[in-house]
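**Q** Sequence:
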Amino acid sequence: MAQSSTQKDSLLKLLPAAKEDTAKVLLLINLAKANKNSDITAAYKYVAEALKLSQAIGYKKGIFLALINEISLIRIEGKNSLALEKCKSFVSLAEKSNDSFNIATGYLALGEVYDSNGENEKAMANCFKGTAIAERLHDQGLLQDAYSALQRIYFSRSEFDKAIFYGQKAIGIAQAMGDKSRVMTQSYNLAQTYNLTKNFDSSIAISKRVIKMARDAGNQRVETYALYNLCSIFLRIGKLNDALTYGKQCLAVSQNISDKKIQSTTLAALGCVYLQLKQYNEAENSLTQALAIREKIEDKKGIADVQNILANVYYAMGQPQKAFTLEKASEDFSDSYNQSILSQQSSELEKKYETEKKEAQIKLQQAELRQKSTLNKFLIAGVVALIIISLLGYRNYKNRQKLQQAKIDELESEKKLTATEAVLKGEEQERTRLAKDLHDGLGGMLSGIKYSLGNMKENLIMTPDNARAFERSIDMLDSSIKEMRRVAHNMMPEILVKYGLDTALKEFCGEMDRTGMIRVNYQSVGMHNAVIEQTTAVGIYRIIQELVNNAMKHAAAQNILVQAHATDGGKLLVITVEDDGNGFDTGLLKQATGIGWRNIQNRLELLKGRVDIQSSPGKGTSVMIEITI
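What the sequence shown shows, in the working numbering, is residues 4 to 632, in sequence order.
Just so you know, the hints here were simulated from the structure itself, not pulled from any lab data.
Each hint should be verified, as a subset may be incorrect.
Simulated restraints on C-beta separations [to be verified]:
id	residue 1	residue 2	range
1	Gln-171	Lys-375	38 to 44 Å
2	Lys-401	Gln-171	41 to 47 Å
3	Arg-212	Ile-390	53 to 59 Å
4	Gln-548	Ile-390	42 to 48 Å
5	Lys-611	Ser-184	48 to 54 Å
6	Arg-403	Gln-58	48 to 54 Å
7	Lys-48	Arg-160	22 to 28 Å
Straight-line Cα separation of at most 35 Å, DSBU-like style, residue types lysine-lysine; simulated pairs [to be verified]:
id	residue 1	residue 2
8	Lys-242	Lys-331
9	Lys-325	Lys-303
10	Lys-211	Lys-183
11	Lys-215	Lys-304
12	Lys-303	Lys-375
13	Lys-401	Lys-375
14	Lys-82	Lys-99
15	Lys-509	Lys-401
16	Lys-303	Lys-82
17	Lys-401	Lys-574
18	Lys-509	Lys-304
19	Lys-55	Lys-82
20	Lys-281	Lys-325
21	Lys-91	Lys-63
22	Lys-55	Lys-201
Ideal Cβ placement from N, Cα and C applies to all residues, glycine included.
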């Protein structure tokens with residue numbers, strides 16, 4: 004910070020004696036850069052003066068420098084809509100001037116603004132336009148900016164391999180240029196990427212180098228970001244004391260810059276650290292401060308995120324009413340946010356349609372009757388396209404499911420869990436014993452009877468009627484043996500023990516489908532790589548078995564879909580059971596006293612799983628279960 008203040012003081016001393024020429028323009032631009040992290044109002048003032056002087060003396064380079072620095076300040080304040088307008092005007096001015104360098108600069112800035120708005124395709128298109136020009140011009144500074152922009156965009160798209168590739172290229176150019184500021188900034192971007200790819204050692208090492216460079220340069224903004232990155236890493240890997248140390252350092256430095264969002268983000272991270280350390284009062288204090296800042300800067304999504312964390316703190320503190328209120332507010336915002344996105348998309352489509360319609364009308368007037376037929380087709384195509392897009396958007400909205408995870412009751416006693424586990428294990432052991440007794444005992448006896456009757460048939464002289472009755476008895480005995488085997492198989496399917504859950508579910512669904520009473524379709528993804536303990540597999544199998552039986556008995560369903568999906572490297576198992584039956588009011592589950600639903604709940608509780616049920620009368624039922632394996 005001392006070096007930054009010294010730099011500003013040195014520049015300010017030069018200002019009174021500066022002549023109204025290009026040197027003063029560059030001085031004003033440097034003053035704007037020196038102030039943007041600490042006094043953004045002063046930075047705006049110097050940019051405005053630089054622009055005014057450049058226009059007065061006809062200094063084209065100064066005009067573009069002032070405009071691009073103004074865009075940078077606007078982006079720091081998070082005013083992306085205004086930044087987008089400024090970027091488009093910048094590109095238009097550069098194209099009119101036939102200035103390739105600033106055309107590329109404008110496209111790169113435009114790409115980064117689109118990236119901030121979440122418009123990834125437009126961001127990529129504009130950045131690649133700028134990169135192509137930079138490569139053609141062989142301008143190292145511009146090329147470094149291009150690769151740096153591509154690194155950030157690929158980072159936003161979670162394409163981390165490409166982000167690292169372009170980040171390393173950008174650092175290489177910055178080092179060759181000897182530009183410490185560029186090396187510092189790009190190194191931070193690379194450290195952040197390594198954090199999200201779990202290459203924590205590299206991220207930590209780079210972040211520490213960045214902190215030293217930032218302190219040497221007096222750049223407290225980059226220092227703050229690097230400190231926060233270290234706090235985030237140590238929080239993710241469970242080194243809470245280190246996370247707390249860097250979080251406190253980050254918070255202290257962030258007080259000196261104008262970026263309120265990083266302050267609130269740091270406070271939220273500290274709240275998470277204190278929560279895990281079970282220092283609930285400190286967690287509440289940090290998160291309350293973060294919430295106040297985000298309310299002040301009107302960061303609605305950030306408010307919802309902090310509310311969700313603070314709700315967990317109040318749950319831990321034994322204040323469920325406060326927790327529920329915050330949790331509901333967070334969920335209400337998520338619903339509202341998703342709705343606003345859909346509304347914004349619809350509005351953009353409507354604007355696009357209206358623009359196309361006006362252009363078509365102008366063409367109609369210019370071409371008169373010769374273009375009437377073509378124009379009519381264009382308008383019809385536009386209307387059809389709008390209707391199709393609107394229908395697809397509506398369908399997507401209607402089919403969007405609210406995935407609400409059932410919270411595990413942390414206050415439930417260990418005794419209840421142990422008792423539940425014992426009951427379920429005892430039930431499975433009894434099933435196994437009965438299945439074995441049926442198969443080995445009754446099954447052997449029935450097979451022996453069949454064999455004896457077969458031998459008797461060869462030695463008996465019977466009338467035709469008696470022979471037919473004897474054959475029917477043999478057939479009934481065969482049916483009894485098959486039914487006994489089916490019952491034994493359902494009580495403890497041997498295929499589950501031998502070949503695993505995926506094969507057992509496939510066989511179970513196939514067997515139900517072959518009965519002809521109902522269509523049961525089974526789909527699995529990633530199950531062949533999943534390693535599931537037998538106790539867990541049996542529990543999951545019983546849950547699916549109960550859900551399918553419920554759909555057949557109570558829902559009058561015609562079709563059932565069972566899906567098993569192992570994700571996160573086989574660590575998370577997602578089970579979905581859907582039917583097209585009668586459906587029901589899910590609110591009735593709270594009063595449900597049936598053994599089947601209670602068994603499902605007990606098994607899920609034992610497996611520490613979460614269930615989400617979507618159903619309503621006449622609309623079928625969808626049950627999604629998530630279990631960590």
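**Q** Work down the list of hints and note, for each, if the structure agrees.
**A** Going down the list of hints, with the structure as the test:
1. In this structure, Gln-171 and Lys-375 break the distance hint of 38 to 44 Å, their C-beta atoms being roughly 58 Å apart.
2. At about 45 Å, the CB distance of Lys-401 to Gln-171 agrees with the hint of 41 to 47 Å.
3. Take Arg-212 and Ile-390: their Cβ atoms lie about 56 Å apart, and the range 53 to 59 Å holds.
4. With their beta carbons about 45 Å apart, Gln-548 and Ile-390 fall inside the hinted range of 42 to 48 Å.
5. Between Lys-611 and Ser-184 the beta carbon distance is about 50 Å. The supplied range of 48 to 54 Å therefore holds.
6. Roughly 51 Å separates the CB atoms of Arg-403 and Gln-58, a value that falls within the hinted 48 to 54 Å.
7. At about 37 Å, the beta-carbon gap between Lys-48 and Arg-160 misses the expected band of 22 to 28 Å.
8. Proximity of Lys-242 to Lys-331 is assessed by CA-CA distance (about 31 Å); at most 35 Å being required, the pair is judged to hold.
9. For the hint pairing Lys-325 with Lys-303, the CA-to-CA distance comes to about 19 Å; that is within 35 Å, so the pair holds.
10. For the proposed pair Lys-211 and Lys-183, the alpha carbon gap of about 15 Å is at most 35 Å, so the pair holds.
11. A C-alpha spacing of about 33 Å is found between Lys-215 and Lys-304, which places the hinted pair at or below 35 Å, so the restraint holds.
12. Distance hint between Lys-303 and Lys-375 is unfulfilled; the C-alpha atoms sit about 49 Å from each other, more than 35 Å.
13. In summary, the hint linking Lys-401 to Lys-375 is not supported, as the alpha carbons are separated by about 39 Å, beyond the 35 Å threshold.
14. A threshold of 35 Å between alpha carbons decides the hint, and for Lys-82 with Lys-99 the separation of about 26 Å falls inside it, so the pair holds.
15. Between Lys-509 and Lys-401, the direct Cα distance comes to roughly 31 Å. Compliance with the 35 Å bound is thereby established for this hinted pair.
16. With a C-alpha separation of about 15 Å, the suggested pair Lys-303 and Lys-82 falls inside the 35 Å cut-off, and the hint holds.
17. At roughly 31 Å between alpha-carbon atoms, Lys-401 and Lys-574 fall within 35 Å of each other, so this suggested pair holds.
18. This hinted pair does not check out: Lys-509 and Lys-304 have alpha carbons roughly 42 Å apart, beyond 35 Å.
19. About 23 Å separates the Cα atoms of Lys-55 and Lys-82, which keeps this hinted pair within 35 Å; it holds.
20. Between Lys-281 and Lys-325, the direct Cα distance comes to roughly 18 Å. Compliance with the 35 Å bound is thereby established for this hinted pair.
21. Using a Cα cut-off of 35 Å, the hinted pair Lys-91 and Lys-63 holds, with the two alpha carbons roughly 18 Å apart.
22. Simply put, Lys-55 and Lys-201 have alpha-carbon atoms about 48 Å apart, too far for the 35 Å limit, and the pair is violated.
When the structure is compared with the earlier hints, violations turn up for hints 1, 7, 12, 13, 18 and 22 and for no others.
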